[in-house]
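**Student:** Residues per chain are reported as follows:
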Amino acid sequence: MYGWRGKVLRVDLGTGTLTAEALDPKVARDYIGGRGLGIYYLTRELDPGVDPLSPESLLVMATGPLTGTRAPTGARYMVMTRSPLTGAITCSNSGGHFPTAFKRTGYDAILVRGAAAEPVYLWLDGERAELRPAGHLWGKTTHETTDALLAETDPEAKVACIGPAGERRVLFASILNDKHRAAGRSGVGAVMGAKRLKAVVVKGEGEVPLADPEGFREVNTRILTKFKEAAKINPPALRLHGTAVTVMATQNYGVLPTKNWQHGTFEGWRGIHGETLTEKYLVKASACTSCPIACGRRTKVEVPGFEGEGEGPEYETVYAMGSNCLIDNLAAVTKANYLCNELGMDTITLGATVACAMELVDRGYLPEGDVGRSLRWGDAEALVELTRQTGLREGFGDLLAEGSLRLATRYGHPELAMHSKGQEFPGYEPRGSQGMGLAYATSPIGASHMRGDPAYWELLGVPKNVDRLAHEGKARIVADWQDLFAIIDAAGLCVFFSVRNLIEPRLDCPPTGILAYLNAATGANYTLEELQRAGERITTAERLFLVRAGFRRKDDSLPDRLTRVPLPDGPSQGRVCHLEAMLDEYYPVRGWDQDGVPTPEKLAELGLGGPG
Amino acid sequence: MRVRVRLFSVLRRYAPGGEETAAVELPAGARVADALAALAIPPEIERVVLVNGQHAPDEAALADGDEVTLFPPVAGG
Numbered sequence: 002m003y004g005w006r007g008k009v010l011r012v013d014l015g016t017g018t019l020t021a022e023a024l025d026p027k028v029a030r031d032y033i034g035g036r037g038l039g040i041y042y043l044t045r046e047l048d049p050g051v052d053p054l055s056p057e058s059l060l061v062m063a064t065g066p067l068t069g070t071r072a073p074t075g076a077r078y079m080v081m082t083r084s085p086l087t088g089a090i091t092c093s094n095s096g097g098h099f100p101t102a103f104k105r106t107g108y109d110a111i112l113v114r115g116a117a118a119e120p121v122y123l124w125l126d127g128e129r130a131e132l133r134p135a136g137h138l139w140g141k142t143t144h145e146t147t148d149a150l151l152a153e154t155d156p157e158a159k160v161a162c163i164g165p166a167g168e169r170r171v172l173f174a175s176i177l178n179d180k181h182r183a184a185g186r187s188g189v190g191a192v193m194g195a196k197r198l199k200a201v202v203v204k205g206e207g208e209v210p211l212a213d214p215e216g217f218r219e220v221n222t223r224i225l226t227k228f229k230e231a232a233k234i235n236p237p238a239l240r241l242h243g244t245a246v247t248v249m250a251t252q253n254y255g256v257l258p259t260k261n262w263q264h265g266t267f268e269g270w271r272g273i274h275g276e277t278l279t280e281k282y283l284v285k286a287s288a289c290t291s292c293p294i295a296c297g298r299r300t301k302v303e304v305p306g307f308e309g310e311g312e313g314p315e316y317e318t319v320y321a322m323g324s325n326c327l328i329d330n331l332a333a334v335t336k337a338n339y340l341c342n343e344l345g346m347d348t349i350t351l352g353a354t355v356a357c358a359m360e361l362v363d364r365g366y367l368p369e370g371d372v373g374r375s376l377r378w379g380d381a382e383a384l385v386e387l388t389r390q391t392g393l394r395e396g397f398g399d400l401l402a403e404g405s406l407r408l409a410t411r412y413g414h415p416e417l418a419m420h421s422k423g424q425e426f427p428g429y430e431p432r433g434s435q436g437m438g439l440a441y442a443t444s445p446i447g448a449s450h451m452r453g454d455p456a457y458w459e460l461l462g463v464p465k466n467v468d469r470l471a472h473e474g475k476a477r478i479v480a481d482w483q484d485l486f487a488i489i490d491a492a493g494l495c496v497f498f499s500v501r502n503l504i505e506p507r508l509d510c511p512p513t514g515i516l517a518y519l520n521a522a523t524g525a526n527y528t529l530e531e532l533q534r535a536g537e538r539i540t541t542a543e544r545l546f547l548v549r550a551g552f553r554r555k556d557d558s559l560p561d562r563l564t565r566v567p568l569p570d571g572p573s574q575g576r577v578c579h580l581e582a583m584l585d586e587y588y589p590v591r592g593w594d595q596d597g598v599p600t601p602e603k604l605a606e607l608g609l610g611g612p613g
Numbered sequence: 815m816r817v818r819v820r821l822f823s824v825l826r827r828y829a830p831g832g833e834e835t836a837a838v839e840l841p842a843g844a845r846v847a848d849a850l851a852a853l854a855i856p857p858e859i860e861r862v863v864l865v866n867g868q869h870a871p872d873e874a875a876l877a878d879g880d881e882v883t884l885f886p887p888v889a890g891g
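Chains as they are written, first to last, in my numbering: chain A, 2 to 613; chain B, 815 to 891.
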């Protein structure tokens with residue numbers, strides 16, 4: 002096979018068995034790779050009723066056909082399993098350098114089942130696979146673990162590992178690769194921890210074989226030339242200031258979630274803005290393999306009490322830990338971000354859960370005696386201390402480690418948890434960006450900005466401008482955008498590059514650039530329609546998994562705060578999110594019934610089985 | 815008439831004096847495109863334009879006292 006490596010590694014941690022098997026070429030073509038392969042295997046091999054933290058759970062790590070090629074941003078991999086936080090699926094995606102090395106081992110995917118009796122790590126030296134003891138690494142941070150593993154395997158190897166948070170089953174523990182890049186959301190690190198799999202270490206060599214190397218080079222030259230020409234005219238804001246530059250956009254639209262989503266603007270927004278990060282703490286920009294954007298931030302903080310070095314923070318982090326907690330102290334947010342990376346936790350859920358706790362205290366529902374310290378809005382020291390406690394499940398951190406919904410429910414006020422399907426929101430307020438509300442509610446992983454993010458349309462006019470405050474007509478845009486993101490995730494590309502350079506800027510956003518790359522890489526000769534159908538197959542298969550796990554329309558929901566309480570101030574003042582009207586429109590667009598279940602006709606059209 | 819223009823991030827280089835906020839004098843009946851021209855912002859520069867907090871196309875009419883906000887179309891997390 003070309004593009005694909007044609008091999009999948011099965012790992013049974015209970016028996017210590019490692020088995021390579023062939024990747025079925027028809028499955029590869031129908032599901033593309035990455036996120037598509039993930040849902041293919043989860044559908045067939047994971048009972049949706051299985052406890053995500055039990056040995057029976059299945060964890061899939063998968064690359065796409067463009068991962069490890071020279072396609073710009075072809076450096077992503079996907080982690081899929083059933084989430085301990087939500088009970089839905091995970092699609093935790095990460096870039097960096099690990100995914101390319103993983104693909105170059107010769108495997109497209111790794112399927113991990115069972116649980117080891119003692120901690121282990123998986124070492125892939127090319128196709129040669131070995132499970133090694135990891136007892137000496139248990140308890141170590143992701144940075145310590147990475148350094149130790151590079152010393153005992155090969156300094157050229159790449160490492161994805163969990164930290165203490167994954168070991169202690171923090172429900173939103175992440176998997177860090179290359180120390181600073183995270184498959185961040187939905188608790189994939191807790192699943193690894195429950196399996197006592199501390200790390201996956203990979204060393205790959207050589208290029209990924211391509212079906213049409215000459216054609217691939219031509220596509221690459223055409224796309225990159227266009228990209229570079231555009232960059233001459235428009236200064237690269239993401240390279241200059243990182244994703245936290247987004248604060249400027251969300252603040253100006255009044256959609257920067259503030260004080261646990263009680264407001265849409267933040268007086269202290271400049272404190273957490275990307276430009277402030279550049280001025281105060283940026284060491285240099287960093288990039289994933291093959292990426293011309295370089296949105297990564299290598300940073301260093303020397304402010305007493307918050308000292309540290311690492312990467313980040315990203316926009317979602319400065320919203321969750323910053324405006325959402327009324328904290329404008331970027332040194333503290335950056336420090337808490339470092340701690341999340343070192344302990345191995347999702348920064349969004351961490352920040353949103355602390356914000357929820359602050360509101361519970363503010364309203365008198367949570368005694369500060371339970372917290373063990375004061376916890377007022379804007380308390381930067383509390384953020385950092387509680388981040389540390391959460392990663393170690395110490396003190397009150399043991400409750401924060403369960404996420405905001407379980408915390409707020411425990412104190413009798415679940416309505417104060419800002420989530421969909423139990424996963425906390427990223428930083429775009431749906432009352433001023435209506436399509437985002439629909440995307441949050443229908444994302445297969447619970448609230449997410451990475452499973453189809455119509456804020457591009459509504460706030461930036463990419464690929465086309467649409468009225469952010471209108472809810473009519475958003476269903477089609479969100480459904481098409483979700484299917485496009487599934488193609489991007491399955492191919493092994495990054496959203497940032499793809500939505501600006503690899504699709505046609507039209508309402509139906511055809512991914513002609515991705516098509517050209519995929520066909521040159523794989524020789525699969527996809528038509529545009531077949532590729533778009535594959536995207537829809539992936540999102541529908543994910544929905545089917547959720548339906549089998551018991552999810553229905555009632556779960557495609559947002560908190561009353563967003564659908565009933567008008568935003569009190571800012572440029573989105575007076576608005577609520579019209580979710581139910583958008584859902585009425587969305588399900589027929591999808592070919593799902595009004596309870597959110599895919600119809601037999603739609604399943605037959607996509608070659609998927611019945612809902613069972 | 816006079817409008818208040820706010821320029822953010824990489825667009826601030828078009829601000830008179832490099833300040834984030836600038837007052838711009840425009841003839842009556844001026845549109846967003848006229849405000850951009852007054853600041854010598856080339857038409858091919860990618861930008862999001864808000865008038866009083868709401869997205870506005872280049873042909874939108876301006877009124878005295880309006881606040882025009884410009885920033886590059888960048889987002890992500």
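Everything labelled a hint here was simulated from the structure, so no lab data went into it.
Owing to the predicted nature of the structure, the values given are computational and were not obtained by experimental measurement.
Backbone N, C-alpha and C fix where the C-beta goes; we use that ideal spot for every residue, glycine too.
Be a bit skeptical, because a hint or two may be false.
[What the hints assert, rightly or not] Ranges between beta-carbon positions, derived for each pair:
#, chain 1, residue 1, chain 2, residue 2, range
1, A, P26, B, A874, 25 to 35 Å
2, A, T513, B, R845, 27 to 37 Å
3, B, G831, A, D570, 36 to 46 Å
[To be verified] Counterexamples of contact, computed for chain A against chain B with all Cβ distances above 12 Å:
#, residue
4, H274
5, S558
6, L607
**Student:** Now, for every hint given, state plainly whether the structure supports it.
**Tutor:** Verification of the supplied hints:
no.: 1; hint: P26(A) to A874(B): 25 to 35 Å; in the structure: violated (53 Å)
no.: 2; hint: T513(A) to R845(B): 27 to 37 Å; in the structure: holds (34 Å)
no.: 3; hint: G831(B) to D570(A): 36 to 46 Å; in the structure: violated (30 Å)
no.: 4; hint: H274; in the structure: violated (9 Å)
no.: 5; hint: S558; in the structure: holds (23 Å)
no.: 6; hint: L607; in the structure: holds (30 Å)
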